[in-house]
Amino acid sequence: MSQAPRPRLVLASGSPRRLALLAQIGIDPDAVIPADIDETPRRSESPRALAQRLSAEKAAIASAVALKRAELGRCLTLAADTVVCVGRRVLPKCEVSDEAAACLRLLSGRAHRVYTAVTLITWGGSTRQRLVEARVRFKRLSRDEIDAYLASGEWRGKAGGYAIQGFAGAFVVRLIGSYTAVVGLPLAETAALLAGEGYPAHAHWTHKLELETSEAK
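The letter at position 176 of the sequence shown is residue 176 when you use my numbering, and the numbering goes up by one with no holes.
Keep in mind the hints are simulated off the structure, nothing from the lab.
On a predicted model such as this, the values are computed, not experimentally measured, just so you know.
Note that CB positions come from ideal geometry on N, CA and C, so glycine has one too.
Errors might be hidden in some of the hints.
Here are the computed distance ranges between Cβ atoms for each label pair [to be verified]:
(1) 152 with 124: 40 to 48 angstroms
(2) 144 with 188: 18 to 26 angstroms
(3) 179 with 43: 31 to 39 angstroms
(4) 24 with 124: 22 to 30 angstroms
(5) 157 with 5: 46 to 54 angstroms
(6) 179 with 44: 41 to 49 angstroms
(7) 157 with 108: 33 to 41 angstroms
(8) 133 with 24: 34 to 42 angstroms
(9) 133 with 96: 44 to 52 angstroms
(10) 133 with 65: 25 to 33 angstroms
(11) 110 with 70: 47 to 55 angstroms
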């Protein structure tokens, strides 16, 4: 009996980090449709609720676009959003150095939480979502460390003003939870969502090994 073809996959993000994380587990989206939305928190909205809402909104926008593209056919649309917070205070996705400096001073020597919500919308309109929470503690940062990090420019566009997978990894003294969620896409939860809709992340693993073995001969 032949196996049904896997559905096509649309990623509702232009983030190089999320593409790299998917590639890490052998997934190459069939299309990338970034969904730009207003990410301003609503009044009294909690950080976890914000992550869930933004992820769902991005997925819905990209899904509507994808369904109009005949070449994508029966596709799944995947979106994610990451929120960094101290208590109920949501830290911005920094675009200017003053914002990043304020975030780093706030995070210095203390713990904070990172919420990443992943949303998957099927071609039939069904929505599934997972929310992942991680707790991160920074060492106490010196002025020189903050200045050097600001000079790197790595903070630009990053929630909380830092990228854990980059230079800021040297600031982290404790991480409880999913590292990939802090980077921007929790891989275990993402793979589970996809597998539940007929897109097994591991399907290409054996083929990749066979290909590498063949090339080595």
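query: Where does the structure disagree with the numbered hints, that is, which hint numbers, in rising order?
result: 2, 5, 6, 7, 8, 9
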